[in-house]
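S.K.: Given next are the chains, with one letter for each unit.
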Amino acid sequence: MSALLKRRFVDQIKVMFGAEPSKPKEISPAAQQIHFYKKGNRDLIAENLHARAHAGHSNKWRNRRWATLIFANLLFTLSFFLDIQILEGALTASRFVGFHLIDLNSALQVMLAHKHIINNLLIGTGTVLVLWVLLGGRTFCSWVCPYHLLAEWAEKIHLYLAKKKLVTDQTMDRRLRTVFWAIFALLALATGYTVYEAISPTGILSRALIYGPGLALLWVLALLFFEVFFSRRAWCRYACPIGLTYGVVGIVSPVRIIYKLDACFHEGDCRKVCLVPHVLDTVIKGRAVEKEVPIGPDCTRCGLCVDTCPTGSLSFEVKGLSKLA
Amino acid sequence: MSDLDHDRSTDDALDVAPAEPTPRPSTPAGKPAVSIAKRQTNRRRVLRTILLTGGVLGAALSGFLPLVYAQKKRLRPPGALDEKDFLGSCIKCGQCVQVCPVSAIKLADLIDGVGVGTPYIDPRQQACDFSCDAVQCILACPTGSLTYHKPDFLPVRPGAALAAKPILIAKEKDAEPTLNLHERIGVARLTRPEACLAIQGKGFKGLTRGADFRGKLRYMSVDRWKPVKVSSHPYDVAECDLCVRECPVKGAISIETVFAPDGSKRKSPVIHEPCVGCGVCEMVCPVEPGCITVEAGEVWKI
Ligand code: SF4
Ligand code: SF4
Ligand code: SF4
Ligand code: SF4
Ligand code: SF4
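First to last, the protein sequences are chains A and B.
Residue numbers for the first sequence follow this note's numbering, so the first one is 1 and each next one is one higher.
Residue numbers for the second sequence follow this note's numbering, so the first one is 1 and each next one is one higher.
Just to be clear, a hint being listed does not mean it is correct.
[Stated by the list, open to error] Think about it this way: if two alpha-carbon atoms lie no more than 30 Å apart in a straight line, the pair counts; the simulated BS3-like pairs of lysine-lysine are: (1) 165/A x 38/B; (2) 202/B x 150/B; (3) 171/B x 226/B; (4) 73/B x 229/B; (5) 171/B x 115/A; (6) 165/B x 115/A; (7) 226/B x 205/B; (8) 285/A x 38/B; (9) 115/A x 84/B; (10) 267/B x 115/A; (11) 156/A x 38/B; (12) 39/A x 25/A; (13) 23/A x 38/B; (14) 115/A x 285/A; (15) 38/B x 25/A; (16) 23/A x 39/A; (17) 291/A x 23/A.
[To be verified] What follows is a set of in silico ranges between Cβ atoms, one per label pair, in the way DEER data are often shown: (18) 66/A x 149/B: 39 to 49 Å; (19) 133/A x 38/B: 35 to 45 Å; (20) 29/A x 61/B: 20 to 30 Å; (21) 229/B x 58/A: 34 to 44 Å; (22) 75/A x 226/B: 48 to 58 Å; (23) 130/A x 38/B: 43 to 53 Å.
[As the list claims (entries may be wrong)] Derived, one-sided and incomplete: chain B residues facing chain A with beta-carbon distance under 7 Å: (24) 50; (25) 59; (26) 60; (27) 91; (28) 94; (29) 109; (30) 136; (31) 139; (32) 142; (33) 149; (34) 151; (35) 164; (36) 167; (37) 170.
By construction, these hints were calculated from the structure, which means they are not laboratory data.
Virtual Cβ for every residue (Gly too), placed ideally from N, Cα, C.
All chains, please: the whole structure from these sequences, using the hints.
M.R.: Given below as structure tokens:
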């Protein structure tokens, strides 16, 4: 990793905790050259326009993701319903053919509240930690979390209404999520009670899917309502501590989205579909510090940007493996 | 071309957007010129942020209501830690729910007032009858909320500890007849003695709890392994002793001769120290409402 990319990496981590993305102070000569080359290059613009006009919009990654998300949650439901014992429990803690799996944030809440850790809890947390370090932390969000799917649909409604000028998107301070994370950790520690778990839409939905619906779903409905009419993807962007926990895990994860400056047309299609557009600030004209820049850890690896990009400038990458290929 | 222009302009807007809402940290000296309109937008954003914070925290604090009121004490599954430790340690996964052969364990909803997602048993609807033979729910729990042995730093309340491991009547002839259970989850009480059929010297004939009752129970005489519906098991007893007859734990309850206030002799169910609080007696009692109930978290007092 070049020194520039390292600096960029640190910036990306700060952005995850809520800092606003800023213009890089230094850009590598190679990248600078491309930035310069693109300026006013009519041929290139024409070429990109052409590419854009002919790029059929793909839903490849979205379909794969939805299939995975639905399958994972269905497996929980079916395991219990048909008593096939493949995946027992709920998203907060489960057993996959006997292996303990425990959601990192729930485990953290329990450890802080109860101040005691038993072996199974440790084993389950360890397994999940390794799993999500390998798969890329926030991959959990877009590939497993049931709230994500509902929120994605709510987002579609929101965008439709926004286009009709019936609602506007009210943004909030992204540092709020970090604050919430700390508040919930402190509350658990101070009260000895897992406060967050009572309102976690991820947990509520997961339990509703497996053990049957309950009144707690009203809270999830309220969140979705808020997202449709007031603020796009508000819960995941400004509140959910689970997302941040997995984001931190994702810092060291080898699975990520990589951005290639060469073909990028800086139209920002990717940033329009992204749940966490602050991670894509690299694609803004003049911001890429190198010819290839990995997208930061807050990225949920949903692949919407990959599907959307007409020039193929964004793609999935496994650190180290692409060099082998 | 208009398409391109449009997109480029939005991109440009996006380009400057991140720098707008908060003053650039790189220019601490000298405030950047911010228009009144922009400052207002900023103020509204701060307000919204505060409102969202309030809303989420408000909702989160509602999670405390069960702790504050704690009026509705609920029976927790076998091996449960004391209420406060239980609420702190349960990860709300429902693995205990999944292993129970009689589906005695339910997860609490918002209005149950015992902590959203935490498991409890409503014994009148479905008691734990130890059909699993080995307190499976404890085995399934990943956090130690249900546990065979409490960790050292958690004290055992006087009277909560069982004098001896309970003997499971269903396993009495096995090499290992006991249940690996050291603490009771509650104690049965004859709460409405005046209604008790035994005390009135009455018998019982028919289906206890009626034909529509969904509860299940393991009847050793029917099937050693499979619990069946209580509504499929008619009774015909000259003197009611259903609670004693179906209690799965040896020596927990018996019908004894007692003296009424007027000195006359009567039969009455009497609860003894081995009672673990499983709730079968509460479930099978034919009187409506039941005249025997399990007091959750209650301890043995002589
Ligand atoms: S941020 Fe939270 S609610 Fe949103 S997808 Fe991730 S885990 Fe689910
Ligand atoms: S950067 Fe791409 S993959 Fe990552 S969250 Fe945004 S749209 Fe999804
Ligand atoms: S001990 Fe009782 S509640 Fe627990 S699994 Fe067995 S029958 Fe169900
Ligand atoms: S198995 Fe344990 S942690 Fe999971 S719901 Fe039951 S008591 Fe709670
Ligand atoms: S089952 Fe009910 S009515 Fe019958 S003896 Fe027991 S407590 Fe009394």
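S.K.: Now tell me if each hint is right for this structure.
M.R.: Tested hints:
At most 30 Å may separate the alpha-carbon atoms for a hinted pair to count; residue 165/A and residue 38/B meet this at roughly 21 Å. A C-alpha spacing of about 43 Å is found between residue 202/B and residue 150/B, which places the hinted pair above 30 Å, so the restraint is violated. Between residue 171/B and residue 226/B the alpha-carbon distance is near 14 Å, which keeps this suggested pair within the 30 Å criterion. As the CA atoms of residue 73/B and residue 229/B are separated by approximately 27 Å, the hinted pair is consistent with the 30 Å bound.
For the hint linking residue 171/B to residue 115/A, the alpha-carbon distance of about 37 Å lies beyond 30 Å, and the restraint is violated. For the hint linking residue 165/B to residue 115/A, the alpha-carbon distance of about 28 Å falls within 30 Å, and the restraint holds. Proximity of residue 226/B to residue 205/B is assessed by CA-CA distance (about 24 Å); at most 30 Å being required, the pair is judged to hold. Straight-line distance between C-alpha atoms of residue 285/A and residue 38/B comes to about 24 Å, which keeps the hinted pair within the 30 Å bound.
With a CA separation close to 12 Å, the supplied pair residue 115/A and residue 84/B stays within the 30 Å bound. At most 30 Å may separate the alpha-carbon atoms for a hinted pair to count; residue 267/B and residue 115/A exceed this at roughly 49 Å. A C-alpha spacing of about 28 Å is found between residue 156/A and residue 38/B, which places the hinted pair at or below 30 Å, so the restraint holds. Of the pairs offered as hints, the one joining residue 39/A and residue 25/A holds, with about 19 Å between alpha carbons and a cut-off of 30 Å not exceeded.
A hinted pair counts as satisfied when its Cα atoms are at most 30 Å apart, and residue 23/A with residue 38/B qualifies at roughly 21 Å. Among the hinted pairs, residue 115/A with residue 285/A is inconsistent with the structure: their alpha-carbon atoms are about 49 Å apart, more than 30 Å. Between residue 38/B and residue 25/A the alpha-carbon distance is near 26 Å, which keeps this suggested pair within the 30 Å criterion. Proximity of residue 23/A to residue 39/A is assessed by CA-CA distance (about 18 Å); at most 30 Å being required, the pair is judged to hold.
Under the criterion of a C-alpha separation no larger than 30 Å, the hint pairing residue 291/A with residue 23/A is consistent with the structure, at around 16 Å. Between residue 66/A and residue 149/B the C-beta distance comes to about 45 Å, which sits within the given range of 39 to 49 Å. A hinted range of 35 to 45 Å for the beta carbons of residue 133/A and residue 38/B is consistent with their spacing of about 42 Å. The hinted window of 20 to 30 Å between residue 29/A and residue 61/B is violated, with their beta carbons roughly 55 Å apart.
For residue 229/B and residue 58/A, the hinted distance range of 34 to 44 Å is not satisfied, since their beta carbons lie about 54 Å from each other. Against the hinted window of 48 to 58 Å, the Cβ-Cβ separation of residue 75/A and residue 226/B comes to about 27 Å, which falls outside the hint. Taken as a hint, the range 43 to 53 Å holds for the pair residue 130/A and residue 38/B, whose Cβ atoms sit roughly 47 Å apart. Violation of the interface hint for residue 50/B is found here, the shortest Cβ-Cβ separation to chain A being roughly 9 Å, above the 7 Å cut-off.
Contact between residue 59/B and chain A, as hinted, is supported at the beta carbon level, the nearest pair being about 5 Å apart and thus within 7 Å. Checking residue 60/B against chain A: minimum C-beta separation of about 5 Å stays under 7 Å; hint holds. Given hint, residue 91/B at the interface with chain A, holds; its Cβ is 5 Å from that chain's nearest Cβ, closer than 7 Å. The criterion of a C-beta within 7 Å of any C-beta in chain A is met by residue 94/B, whose closest approach is roughly 5 Å, and the hint holds.
The restraint placing residue 109/B at the interface with chain A holds, with a minimum CB-CB distance near 4 Å, inside the 7 Å limit. With 7 Å as the threshold, the beta carbon of residue 136/B stays out of range of chain A, its nearest partner Cβ sitting at about 12 Å, so the hint is violated. The interface hint given for residue 139/B is violated, since its Cβ lies 10 Å from the closest Cβ of chain A, which is over the 7 Å cut-off. At its closest, the beta carbon of residue 142/B sits 5 Å from a beta carbon of chain A; the interface hint therefore holds under the 7 Å criterion.
For residue 149/B, the suggested interface contact is broken, since its CB lies about 11 Å from the closest CB of chain A, more than 7 Å. Given the 7 Å rule on beta carbons, the hint for residue 151/B holds: about 6 Å separates it from the nearest Cβ of chain A. With a cut of 7 Å, the hint placing residue 164/B at the interface with chain A is violated, because the nearest CB-to-CB distance is about 25 Å. Because the beta carbon of residue 167/B sits about 28 Å from the nearest beta carbon in chain A, more than 7 Å, this interface hint is broken.
A least Cβ separation of about 22 Å between residue 170/B and chain A goes past the 7 Å threshold, and the interface hint is therefore violated.
Hints 2, 5, 10, 14, 20, 21, 22, 24, 30, 31, 33, 35, 36 and 37 from the earlier list are contradicted by this structure; the remaining hints agree with it.
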